[in-house]
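**Student:** Sequence:
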Amino acid sequence: MSRRQFVICLLCLTALLYSAEQDMIGKLYKLAQSLQVAEMAERPAWATTDEPPLFRLAWISDAHVMNKASIANAQQVMHQLRDELRPDGILVTGDNCGLPLKLLGKCPKDQVASRRHAWFRELLEKELGIPYIVLHGDNWASSYSTVFGPHHKSCDFGGFHFIQLAPDSQSPKDNGCAVYEQETLDWLEKDIEEHATMPTLILQHEPIYPPCILDAGKIEDIIKKHNARQHSVIA
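In this note's numbering, the protein residues as written are 1166 to 1400.
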């Protein structure tokens, strides 16, 4: 095979691989679109009641604050929540801050992870001024507990029970390779049982429906068990 023939074959192979990759990406987009919740044709009855809501929550996820532009975006969102929407509380469900060292201020390199969480907490306290619950995601999860406390905990708000949950171990490079320790699963079930009379919301960065992590089925089994008995667990 001549050099020219080799180059032509290589270009053809590259084109085939690119075409296959684009086809796969297109299929993934279609799959994601099929999972979207369709907009309702009419407002449901519960949305037209004259009674005021028990409380209003805003939900933020995947802020990915990583540079000066995303810092400005995050500040703008906080101000809009504080000044315009004015919810009673904020749920922040992970992948919050991945700022580089140069934007974190003076900080030893071995403390960058905890400084990122501290920086994000300072942003919430300074720009928001509204009660919040913060979870970590699959990105920048390290050292979360040094700033926000245990990543498995729960609280009550407005007559509802909120459970914060996160996998105990995960691969830093492979999305979805995340699992729970049995101790965490036991804690989750016990916490739900102890608040069986309250509607419960389980908060986690990674979706359980559809399953996006290896151990999603274990959480699903616990939810199904308690839904079947109490009809009060929402996730």
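Please note that a few of the clues may not be correct.
Calculated cross-link-like contacts (lysine-lysine; reagent style DSS-like; alpha-carbon spacing at most 27 angstroms) [said to hold, decoys possible]:
| id | residue 1 | residue 2 |
| --- | --- | --- |
| 1 | Lys1233 | Lys1267 |
| 2 | Lys1318 | Lys1291 |
| 3 | Lys1318 | Lys1390 |
| 4 | Lys1267 | Lys1318 |
| 5 | Lys1233 | Lys1291 |
| 6 | Lys1318 | Lys1271 |
| 7 | Lys1271 | Lys1233 |
| 8 | Lys1383 | Lys1355 |
| 9 | Lys1338 | Lys1195 |
| 10 | Lys1192 | Lys1338 |
| 11 | Lys1318 | Lys1383 |
| 12 | Lys1291 | Lys1271 |
FRET-style restraints, in silico, Cβ to Cβ [unchecked claim]:
| id | residue 1 | residue 2 | range |
| --- | --- | --- | --- |
| 13 | Pro1218 | Glu1292 | 35 to 41 angstroms |
| 14 | Asp1227 | Glu1204 | 17 to 23 angstroms |
| 15 | Ser1310 | Glu1359 | 21 to 27 angstroms |
| 16 | Gly1314 | Glu1292 | 20 to 26 angstroms |
| 17 | Asp1275 | Thr1213 | 34 to 40 angstroms |
| 18 | Ser1334 | Leu1268 | 38 to 44 angstroms |
| 19 | Cys1320 | Gln1347 | 30 to 36 angstroms |
| 20 | Asp1275 | Pro1375 | 36 to 42 angstroms |
| 21 | Phe1322 | Ala1210 | 23 to 29 angstroms |
| 22 | Asp1351 | Ala1203 | 36 to 42 angstroms |
These are calculated hints, taken from the structure and not from any lab test.
Glycine included, C-beta positions come from ideal geometry on N, C-alpha and C.
**Student:** If a hint holds in the structure, say so; if it does not, say that too.
**Tutor:** Structure-based check of each hint:
| no. | hint | verdict |
| --- | --- | --- |
| 1 | Lys1233 x Lys1267 | holds (11 angstroms) |
| 2 | Lys1318 x Lys1291 | holds (24 angstroms) |
| 3 | Lys1318 x Lys1390 | holds (20 angstroms) |
| 4 | Lys1267 x Lys1318 | violated (33 angstroms) |
| 5 | Lys1233 x Lys1291 | holds (17 angstroms) |
| 6 | Lys1318 x Lys1271 | violated (31 angstroms) |
| 7 | Lys1271 x Lys1233 | holds (17 angstroms) |
| 8 | Lys1383 x Lys1355 | holds (15 angstroms) |
| 9 | Lys1338 x Lys1195 | holds (25 angstroms) |
| 10 | Lys1192 x Lys1338 | holds (23 angstroms) |
| 11 | Lys1318 x Lys1383 | holds (18 angstroms) |
| 12 | Lys1291 x Lys1271 | holds (20 angstroms) |
| 13 | Pro1218 x Glu1292: 35 to 41 angstroms | violated (25 angstroms) |
| 14 | Asp1227 x Glu1204: 17 to 23 angstroms | holds (22 angstroms) |
| 15 | Ser1310 x Glu1359: 21 to 27 angstroms | holds (22 angstroms) |
| 16 | Gly1314 x Glu1292: 20 to 26 angstroms | holds (21 angstroms) |
| 17 | Asp1275 x Thr1213: 34 to 40 angstroms | violated (55 angstroms) |
| 18 | Ser1334 x Leu1268: 38 to 44 angstroms | violated (29 angstroms) |
| 19 | Cys1320 x Gln1347: 30 to 36 angstroms | violated (24 angstroms) |
| 20 | Asp1275 x Pro1375: 36 to 42 angstroms | holds (38 angstroms) |
| 21 | Phe1322 x Ala1210: 23 to 29 angstroms | holds (25 angstroms) |
| 22 | Asp1351 x Ala1203: 36 to 42 angstroms | holds (37 angstroms) |
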